[in-house]
Structures are given as C-alpha cells and as structure tokens.
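Assemble chains G, L and D onto chain V, guided by the hints.
There are 4 protein chains.
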Amino acid sequence: MIEPGQLVMLVSPKGKRYFRVLQTEDVLNTNDGQLQMQNVVHQGYGAVVHTHLGRAYTVLKPTLYDLIKSVKRRTQIIYPKDIGYIIIKLGIGPGCRVIEAGCGSGALTTALAWFVGDAGRVYSFERRQEFASLCRENLEKIGLESRVQIADGDIEQGFGIEKADALFLDVRTPWEYLEHIPGALIPGAPVGFLLPTVNQVSSLLSAMQDGSFSSVEVLEILVRRYKPVPERLRPEDRMVAHTGYLIFARLGAPGQDDTEPGEFTFHQEKEIC
Amino acid sequence: MIEPGQLVMLVSPKGKRYFRVLQTEDVLNTNDGQLQMQNVVHQGYGAVVHTHLGRAYTVLKPTLYDLIKSVKRRTQIIYPKDIGYIIIKLGIGPGCRVIEAGCGSGALTTALAWFVGDAGRVYSFERRQEFASLCRENLEKIGLESRVQIADGDIEQGFGIEKADALFLDVRTPWEYLEHIPGALIPGAPVGFLLPTVNQVSSLLSAMQDGSFSSVEVLEILVRRYKPVPERLRPEDRMVAHTGYLIFARLGAPGQDDTEPGEFTFHQEKEIC
Amino acid sequence: MIEPGQLVMLVSPKGKRYFRVLQTEDVLNTNDGQLQMQNVVHQGYGAVVHTHLGRAYTVLKPTLYDLIKSVKRRTQIIYPKDIGYIIIKLGIGPGCRVIEAGCGSGALTTALAWFVGDAGRVYSFERRQEFASLCRENLEKIGLESRVQIADGDIEQGFGIEKADALFLDVRTPWEYLEHIPGALIPGAPVGFLLPTVNQVSSLLSAMQDGSFSSVEVLEILVRRYKPVPERLRPEDRMVAHTGYLIFARLGAPGQDDTEPGEFTFHQEKEIC
Amino acid sequence: MIEPGQLVMLVSPKGKRYFRVLQTEDVLNTNDGQLQMQNVVHQGYGAVVHTHLGRAYTVLKPTLYDLIKSVKRRTQIIYPKDIGYIIIKLGIGPGCRVIEAGCGSGALTTALAWFVGDAGRVYSFERRQEFASLCRENLEKIGLESRVQIADGDIEQGFGIEKADALFLDVRTPWEYLEHIPGALIPGAPVGFLLPTVNQVSSLLSAMQDGSFSSVEVLEILVRRYKPVPERLRPEDRMVAHTGYLIFARLGAPGQDDTEPGEFTFHQEKEIC
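Chains as they are written, first to last, in my numbering: chain V, 1 to 273; chain G, 1 to 273; chain L, 1 to 273; chain D, 1 to 273.
Heads up, some of the hints might be wrong.
Unchecked claim - Label pairs and their computed distance ranges (CB to CB): (1) G:143 - V:176: 35 to 41 Å; (2) V:15 - G:129: 43 to 49 Å; (3) D:227 - V:217: 25 to 31 Å; (4) G:182 - V:176: 52 to 58 Å.
Unchecked claim - Dumping the calculated BS3-like pairs for lysine-lysine here, alpha-carbon to alpha-carbon at most 27 Å: (5) L:270 - D:141; (6) L:141 - D:163; (7) G:14 - V:270; (8) D:227 - D:14.
By construction, these hints were calculated from the structure, which means they are not laboratory data. Just so it is clear, CB atoms sit at the ideal spot from N, CA and C, and this is done for glycine as well.
If we strip away everything but chain V, and leave its shape as in the complex, we get (with noise of 0.2 Å):
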C-alpha cells in the first residue's frame, strides 16, 4: 500500500522507467499498454504490477539519482557528482531559498527543489524559452513544480529577489552578473559557479578580487567506477575525466566594523575533501 501523492517509479521489462505521483484513478499509458495506478497503490513498493497487454512493472520508490538520470534533456546537465558537492556547499536543506541560473535542462533545479522541502523555494532563471519549458516540464512530471518558480528572462537586470540564502551560476560568463549577487543574498551567504574551461575560471577568480567574496575555491570532482566483480575488481576502463570545475565563495568582505582594522579575515582555512 502506497498513499496516494507519492512519486513512484514504474520499470518496465526492457527497464524503461516512468514517473508519477500517484493518484489512485489515474492510469498510466506504456509502451507497454495500460497501468492501473490504483493496483500501483495497493500492491505497494517492490510489487509487481501488470499492464493490460500482462507486462510486469516493477514499483519502486524513486530516489534523487534516478531523477536526475531521468531528467529529459537538451543540453549537458550538471551531475550528481557535482550536485552533491554544491548542496552541501551551498547549505541546502529544507526551508531554503535559493537563486540558480540558467537552469537548462533542469538536473540542478530538481535537485534544489528536492531538498528545500515545501517550506522552501527555487528561483531559477532560464534565458532560452526552450529550455525553460523543458526544466517545468521534468519539474512537473515528478510533482516539484510548486517549489520552483521559473523566470524566462535574463539576469542582467538582476534578480528582483532579496535575501535568499544561496547561489548558483551555471552561465557562460558569471563574472557580467557579480555585481547583482550582494542586493539578492543574505550577507555572507554562499555562491557557487560552474565553468567548463580554466579561460573562465581565471576571468571569474579576477572578477571576484573586487572585495564583495571572501573564502574562493576552485576544485573538480572525479568519479571512478569499478567493475563489481568480486574475484576480478578493477576500475572500468574508462571514465568521464571532466564536466566542470565548480567555484565556491562566501558572499561579502570582512566586517566593515573592525575594532582591529585589517586583522580580521574569514581566515582561508585547510578545506576538507
């Protein structure tokens, strides 16, 4: 027994795999033929369900990977590799509220949306009308519209919000909208950027010096995978060597109200890994 209002996720025989969030009248079209959800509901996680043509779909509660791999996409997405490192950079959790752009085909914005709950918020913005309709698109197939509110404009003008408690940039050059972060985040807030080429790394740590972050990194996240085979483990033979280098910062300069002028600094410590 599933209540209903959960998101599940059907895989078919071949391993295709389908979203819902379950509404016990609804009915599910595959390739397969027609699903009930309401058998989905009943017969609960780990069942096995059959269409009207006698297919067997497994039910399964999905998780936030499956999504993401899921995300119907048309451009390069950013992946959980990266997504994992930048919601805890950023402090994500439930309650936030958090600014990204350009949200492409929406693999970040699931992921923000995801983990700031319903007491939270994601203010994306998309330039291309394309992609933006694409991004509500995944975003309604697995019930997180309402947490995101997409903006098809520009950022140039900035971001007409205040105080929300986190950034990120995954524009092509970030360093044009620096100047608008201050009026958007709470102070101190955390910011984080994703760049492909180390040309827009160095322009974006020149344009950074201005003295409105303190504590920037730069680091990139590989992930190897293995053959799981216990009596012969070894690495695949090959890998994705790059994605991305991300960019992380605290918004804003040292406390103005210094008693000892110049000593005080967010101290640029020894990260963790």
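Okay, now just chains G, L and D, sitting in the frame of chain V:
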C-alpha cells in the same frame, strides 16, 4: 534581525567557529569574552558583533559544509565529497526515514539529520558508547538531535526497524549484517556502504551475490583543489587520494511474479557520473 | 639527406603511417602507389616525397611513441604512460640485459629493444605461438629484431638465463614464477609486474612476502589529456581510467652478512612520484 | 665481481645512498668509515661490504629511478612520472642529440644522458650559474658528465645548434624562444614543454598557432600509490596532485610541396595514453 531558533555560526577574529541555536537571552562564552545573543538577533547575518572585551565576531548562517567541517572528531569522518553522493544515491530528502551504522563522530549523521528535516528520522547505530556520546554531543550543539535516534547497541540482532527508506553501513564487516537489511527497509530501497580496502569491497560483493541485491555499483570520488589565483591558476600540490570505496545497490532481486520468468532484471544501465 | 640504415616514418595524405629501415634501392608499396626510397634518402626529414601516382608523403624520424602507437596488435598492449615509468624503475638503458614475459603484441618489447641499444639484449618469453610471431613481425618492421630473443616456450621451468639486469612480468599468475626469478637476475635487481585486477595484486603481494623481495611498491598511472585550444582550455570529456596496476620490487632480502642482525633493511623510503 | 668503470650504489645501514663509478684503487669516505672499492669489485652486486669501522653496506646496481631520486636539488625537479613520458614522446634513445633548457638541478638532464648513451649528446642550457654548476656536479657524481654539454648562457639568441633530434623546454616563458626552435632541430622533430599553470599553457598554445608546430597535445600525468599490504590493499591517503602540464608537438607545418594544397595535415589522431 534573525529569528530566534535559527542556527548561527559566530566566527572569531582568529577564525574559530562557534555554533548556536539562537535564544535571545542567551550568552556565548568565547575565548575573547562574552557575546550577547540578543545583539546577534538584532544585527543579523553578516553583522559584526562585539564581545564584552571588544573583540569582533562575524555572524553567519552556516552551511552543511561548515557543520561537517566543525564536527568534533575522534574517528575518521566521512567527507563532504562522499556524503554529497551518498545523499543523492540513497534518495535522502525531507521526510525520509534512514538507517545508518556506525555513526562514529557523526559527520554523516549530521548530514542525514540536516536533509530529512523535521518530518524525517535518522536511526543511528553505534557499538562504542564513547562514539555514540560524541555523535549525540555534536548533534546537540547544532540543534539537530531531535531528528536522530542513536542506539548504543550493536546490529548483530538486526535493526529493530521496519520500512525505512534507505540504509548506509560504515562498519568494518558489513557482510555480516546483510541478512538483516531486507526486514528493515521497503522493498527496492537503496543501500550504501563505505569501505577503505579493496579486500573488503571484494568480500562485500561476494556476499551480495546471494540474490537480495541488484544494481550493484562500486566507485570512488576524488576532489582536486586549485589555488584560486587568476593569473597563476594551477592545482594544489597535494590532494587527498583516498577516503574509501562507496558501494551502492538496490534491495531486492527482480520481481518474482514476472510473467516472463528470467527476463526481468533491473537493467544494469550505463550510470551517469 | 638521410643515411641508409636509419628508421623512417612515411605519413600518407590520409595519415597512415609506414615504417621502413632505409635502403637506397628499396621501393615502398603504399595504398597510394610506389615510393622510391632513394628519394627519401636524398630529400631528408620533413620532406614531401611523391608516389608514382603523385600522392604526397611526408618523411619523419619516428619517436618511440610513434612506434608503440603503430604496433599491430591482437592483445591489449602496455601503454606509453606505463612503459615510461617501467623503463625508469627497471633501470633500462644502453647495454642492459632484460627479461620479459609474455611479450603479447610487443609494445613493451619494442620499448625495451629501443632503449637497450645494440649492446643490450631483451629476452622475451611468450607461451602463445601466434603472439610470439606477431611480436617478431612488429620488431622486424622497425629493424629492432636483432636485439630481442623471443622464446616461444613457457616460463614454468624458469628463464634459462643468468645475471640479467631486470625483469618484467605481464602474465596472469606471476606468483607462480617468482621462484625462478632469483636465479635469473643479478642480486638486488629491479623487477616489475603489470596486473589488471586488485585480486591479482593482492595474490602477488602475498607471494612476495617470502623474503625474496624488498622495497615493494604498488601504483597506477593516469594520463589526463586537454583539448589544446588556448582560449578554451579544458580537459577532454573522457579518459582512460585503467590499464593495470604496476608492482615494483627489488630482488633480494637484506644482506645476510650484516654485523648488526635485524638492523639492516632497504629502508622503505618515501618514494617520489 | 663487478667490472671497474661500472656505476654502483652503496647503501648504508641507515639507508643513505652513495654513488660511485668503480675504480679498484678507490676509497669511499662514508659517515660510517672508509669503504675499499676493491672489496666492492670482488664481492659483486648484492654483497654486503664493511667499512673499516665494521658497518655493513650493500652493493647495488642503481636504476635511473635511484639516480633521479638522489639528485641533489636546489630547484623543483622533474619527476619520473613525467620524465618517462617525455622520453617516449621525444623519441630519446641511444645516439640521440637532444636540447634542453633550463637544466635546473639536472633530474631530466640525468635521464637524457642515461638514455642517449655514449654515442648521443645532451645540450643543456641554464641561465643561472649556480644551477648549471649543481647540474654538472650531479652528473659527475654518476659519471655521465661526458655526454652532456652544459651552456651557462641564455637561449635568447638561440641555441647555436643544428639538426638536433628533439628539444625540451622547462622555462617560465617558453613562447619567447619558439622562433629559435626550427633552426635547431631536424624538420618534424618532437618538442616538449613543462609548465605549472594553466595560464602559461594557454599562452604557449597561442604562440604555437603561428604555423610552426603541429600535433599539439596537452596532458598531465598522475601517479597514485597503494599501501602494499596484501590483505588490506588500499591507496595511500594522500598523493602528489600536480607537478606540471606537459605540452608536446611536432616541429613543422604540413609539407609545402603538397600536390593537393590544403588537404595535407598531420592528422590529429586519437592519441593513446
């Protein structure tokens, strides 16, 4: 102005970090003298408040990364690079019920408690009393203890929990506890493990071949940091080369009620990174 | 003008590479027609020579990398990233006498033959006749066959060689042949192994604990390539993640004649990278 | 029995390493007393010889790795992981004539001298007198100085050499010297560079777009070491994350005499690792 009940981070002139759930009447004793929390409440994030000895402290809203970094530790902790990926693979989010063992100093526990929100629940098992106490202390300091139930006992007799959404084991011989997993989770639930040596990974993979698990993956995550100097951008000289191998799987063999026996599997698809 | 007897590489308009030990009277049959080697002799490196059908070929002096890349292969070959390190760890240079087994398609054999020079000698063992022939053919094509003695037989009965300077084993179960190594090498000689799985590495390390080896090291080498675009410099999207683990050691336990028993060891020093 | 004239390595009880070109009448002064080289000659590799104070030294034939590790250094040296790949890409072998600048402490110089043999020649340029002297001293200690010609001068006016087989630059601004390369090498010769920052790599790549170079590659090499414990095999906790970027190219634009103008290129093929 910060609402009482919020978690704040207070950074000393020397970079020492204090965490506090804000109470207006509260006083924080620091190495630099006393800080009145009502000043923090009134002045808000980014403000510089002064101790009675006149030392300047900066008020910040902590990120999860800040919390993990400040976990008081007497064990090796799980690091953000691994935690971020674990969270996504296990589908942790607001409302989740998740099991972990052992909790050690509580870095992963902190993250799990952070993400499940007030509606979720973390069931932590730790055999050594001293670590259970340390973990509890670390959680209390940041006000997340109410989301976590720490059992000081062992898991040899099972977890005593039903229908949890996910499970993570960070113990030396996880293969000894596999039999207790199906009874504790919903069918198809994601499970994860962290192991430092290849020999342990091999032993675990062997034990997982009993048919109770599918979609088994083994991977490791590497973070490479750069010196953030725009005109001389280059990786840091040294990096953390190993924390542990991550193993993920889905509980449950393929469905039994399949009309086409032997055909159904969770297709071992090409995973994303 | 190139001296006859030199090895040249001729590159076709489509990038196909031909290797030839220059003989003035020789004719090279290419897909684009015949090339007179006397033209190559006269025109020299960097020249463009034409086939009788008028197609332009460029004359180059090949590097070892060129030779390895062009090895005709029917097996997995050892790659330059690993070969370069092997050569340095094994102390291969002009005049060396080195043993290897098995030779496979002959990539490492080619490198060993290249570096030992005319005064050195490579003793190659290959159980499978077809690979021994292929290796021989690859060596003949580049004129290095006289430096290599390929034995088609197995090494189960030993190597039949004495006082060689170094040894490298690229076989599936190297631990079965360890007993034959001391008789084949000078005392203290460097030995190396390549193994694809961690299970094999573990088995080899166990077998090496019998006291015959010291200074044991295990490592792997990764090459990460970048797209060489100055204004958009970034790593390639994918990379080779694994070829094999390299194991190195020095033959021989600490000296037996030590006046301070137990004190002497080859100090397991901090190795450089 | 070791033939006089051979290079030997003598390892002290504490692991200190002494290198010596064997001369029967020679005496080595160590921290543990005097060692008669005639004892070394007579007892051979692997033997334990004693100082006049009775301390036991082990006699070994050094590998190139041993030599590089023992280079007395006052600069950052080039490491074996990079040297091995450089040697293969530049086609260094017995008889080669190769140019390098600057020589620094002489780690790469040592390797080049090792591989070119008695028939080859290394032309080293070093602007700073102190490093040139140090490099010379390091080479003399191991008997390779006769293969190397160290010029204390700068390379601003060119190299003063013709038709060398290969060239390697380890200088801060290699793009300032590119114009002198074609005159110093045979057409089509391989060239290499080592640079620590991405900004330098980008500058070099820009300068190389003038048409004098083809087949340009950028890469980096990582060595990951494992703790060699068979039953607890795992990577070391930390590793060297960066030494420098390697850039390789081939001197010379595509042939000018091409009958099909514009068609010919050194095809930028898929490189091996």
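| task | Sort out which numbered hints this structure fails and list those numbers smallest first. | result | none
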